[in-house]
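Residues per chain are reported as follows:
There are 4 protein chains.
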Amino acid sequence: MSHAPGIVSFRVRYADTDQMGTYYNARALEWFEFGRNELLRALGRPYRQWEAQGLRLPVFEAHVRFLGPAAYDDLLTLTTSLAREGRAKLRFESRIEQADGGEAVCEGWTVHAVTDPGGRAIRPPAWLIDLADGG
Amino acid sequence: MSHAPGIVSFRVRYADTDQMGTYYNARALEWFEFGRNELLRALGRPYRQWEAQGLRLPVFEAHVRFLGPAAYDDLLTLTTSLAREGRAKLRFESRIEQADGGEAVCEGWTVHAVTDPGGRAIRPPAWLIDLADGG
Amino acid sequence: MSHAPGIVSFRVRYADTDQMGTYYNARALEWFEFGRNELLRALGRPYRQWEAQGLRLPVFEAHVRFLGPAAYDDLLTLTTSLAREGRAKLRFESRIEQADGGEAVCEGWTVHAVTDPGGRAIRPPAWLIDLADGG
Amino acid sequence: MSHAPGIVSFRVRYADTDQMGTYYNARALEWFEFGRNELLRALGRPYRQWEAQGLRLPVFEAHVRFLGPAAYDDLLTLTTSLAREGRAKLRFESRIEQADGGEAVCEGWTVHAVTDPGGRAIRPPAWLIDLADGG
Numbered sequence: 001m002s003h004a005p006g007i008v009s010f011r012v013r014y015a016d017t018d019q020m021g022t023y024y025n026a027r028a029l030e031w032f033e034f035g036r037n038e039l040l041r042a043l044g045r046p047y048r049q050w051e052a053q054g055l056r057l058p059v060f061e062a063h064v065r066f067l068g069p070a071a072y073d074d075l076l077t078l079t080t081s082l083a084r085e086g087r088a089k090l091r092f093e094s095r096i097e098q099a100d101g102g103e104a105v106c107e108g109w110t111v112h113a114v115t116d117p118g119g120r121a122i123r124p125p126a127w128l129i130d131l132a133d134g135g
Numbered sequence: 001m002s003h004a005p006g007i008v009s010f011r012v013r014y015a016d017t018d019q020m021g022t023y024y025n026a027r028a029l030e031w032f033e034f035g036r037n038e039l040l041r042a043l044g045r046p047y048r049q050w051e052a053q054g055l056r057l058p059v060f061e062a063h064v065r066f067l068g069p070a071a072y073d074d075l076l077t078l079t080t081s082l083a084r085e086g087r088a089k090l091r092f093e094s095r096i097e098q099a100d101g102g103e104a105v106c107e108g109w110t111v112h113a114v115t116d117p118g119g120r121a122i123r124p125p126a127w128l129i130d131l132a133d134g135g
Numbered sequence: 001m002s003h004a005p006g007i008v009s010f011r012v013r014y015a016d017t018d019q020m021g022t023y024y025n026a027r028a029l030e031w032f033e034f035g036r037n038e039l040l041r042a043l044g045r046p047y048r049q050w051e052a053q054g055l056r057l058p059v060f061e062a063h064v065r066f067l068g069p070a071a072y073d074d075l076l077t078l079t080t081s082l083a084r085e086g087r088a089k090l091r092f093e094s095r096i097e098q099a100d101g102g103e104a105v106c107e108g109w110t111v112h113a114v115t116d117p118g119g120r121a122i123r124p125p126a127w128l129i130d131l132a133d134g135g
Numbered sequence: 001m002s003h004a005p006g007i008v009s010f011r012v013r014y015a016d017t018d019q020m021g022t023y024y025n026a027r028a029l030e031w032f033e034f035g036r037n038e039l040l041r042a043l044g045r046p047y048r049q050w051e052a053q054g055l056r057l058p059v060f061e062a063h064v065r066f067l068g069p070a071a072y073d074d075l076l077t078l079t080t081s082l083a084r085e086g087r088a089k090l091r092f093e094s095r096i097e098q099a100d101g102g103e104a105v106c107e108g109w110t111v112h113a114v115t116d117p118g119g120r121a122i123r124p125p126a127w128l129i130d131l132a133d134g135g
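Residue numbers (the numbering used here), protein chains in the order written: chain E, 1 to 135; chain C, 1 to 135; chain U, 1 to 135; chain F, 1 to 135.
These are computed hints drawn from the structure, not numbers from a lab.
Careful: at least some of the hints might be erroneous.
One copy or two, either will do: identical chains are not told apart, so a pair holds if it fits within one copy or between any two.
[To be verified] SDA-like mimics (lysine to any residue), calculated; alpha carbons at most 25 Å apart, straight line:
1. Lys89 to Asp100
2. Lys89 to Leu76
3. Lys89 to Gly21
4. Lys89 to Glu61
5. Lys89 to Gln19
6. Lys89 to Arg13
Model, not experiment: these values are computed from the prediction.
Modelling step: build the complete structure from the supplied sequences, incorporating the hints.
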């Protein structure tokens, strides 16, 4: 079971574009990060607080499907949702569409380990399991 | 059947790092691009020539598994290989390791469509099929 | 004479940070671009319309003074203003502060040529001179 | 008095380009960092050793003049030199040209403070003053 998704909008910057006239592929992963940040904030658990509590959430695996172009200044809508992946990892699903018309831009997911500041996997605290399970 | 892989080395820049003290996840996709560029050059078919001939190779799908840290100035070894994906796409496999010690940093793949400059999928020319088939 | 400045806010992403725990220096120039985009939109002349009309505004010179740190998720306020630089160039002044407390993060400027799509300098149209002169 | 400059070459990546078909302006600062890293290594004082000794070299001010285009895969030559700026700062001068033909791409400089890990300015050690003075 996953949470109601978080939705944010942003515009493509010149910095995001490449010579092909669309967004450069690696920028999708930066956008996914933006969506995760804002989802966790919307859920009342901004990630910076996790770090202050000694939790880290390094990316373990990432996947992107590139579905359509996005040009400079296009307004895009990014939808992010959170779920659990197995017993000790988190999974964020991301989807980006053109705000005007809804054409797909890209979608994908990232799976994150839950670790201490030294990078050792730890058992997620109860509030985090509840968060991921939508509790 | 895939080609003998291309191998390049590079060092992690401060620009690649993040607050966690390792490389930021999206940088892996920039590194994979570097490996593709140099593999195609080593095979005698630099990608810029493809563009001059009216071919484009947009990324269709990308996958990254993050396997270990890489700090500022670490010397990394990037191995890239090329294969065909179905009848009309290309697949590059990428793996990055610490040059000193060989610890895994990340690995993954990108699948690319073959299109004309307008973005329409086209039948790959014979030389490209040969290249991907290792011919 | 310059325009009333445009003001936007944004948060520092993990992608913006580096191993030193603050924002990586080159990101300041990406942020300045964001400010220019939003200032021109606020003035009723979004830059994408300029491009559609055959105008380009390549950066000619850039300057940044780094004044203080900004950590992941810090909320920053970016103030941008526009003026003319000589007869044929534009100058944007940028300043970034912590939204909470107002401590300076960085400031600087970019000077832009006005060119045709082929990169040749052209005489700025009257509406652009008016815009830069605050008319 | 400054050192004999360090020279490195690199190719423009797709990641560096933008919709205008040349390199995105902020990338110049990433390239300048690459030049600084390799100059200090060539001088026998790689920056990572400075950090291990408790020195930091944050960018204090940066300046770039954009002089000409650079397209995907262009081979560029980056020349970097080091000098002292006042009593307690360092200044790196950077210049990037097309390797083939020598046309100017961009040039600029960065001025760096010398600090401890907490960001407090410190008196540069003698070896660092010698390094900057070419001794």
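Hints and how they fare:
Taking the shortest alpha-carbon separations for lysine 89 and aspartate 100, neither the intra-copy value of 34 Å nor the inter-copy value of 30 Å comes in at or below 25 Å. Within a single copy, lysine 89 and leucine 76 get their C-alpha atoms no closer than 28 Å, and across copies no closer than 27 Å, so neither meets the 25 Å cut-off. Taking the closest pair of Cα atoms, lysine 89 and glycine 21 come within 25 Å of each other only across two copies (21 Å); inside a single copy the shortest separation is 36 Å, beyond that limit. Taking identical chains as interchangeable, the C-alpha atoms of lysine 89 and glutamate 61 lie at most 25 Å apart whether they share a chain (11 Å) or sit on different chains (23 Å).
Only between protomers do lysine 89 and glutamine 19 lie at most 25 Å apart by alpha-carbon distance; the minimum there is 21 Å, versus 37 Å within a single protomer. Taking identical chains as interchangeable, the C-alpha atoms of lysine 89 and arginine 13 lie at most 25 Å apart only when they sit on different chains, with a minimum of 22 Å there against 32 Å within one chain.
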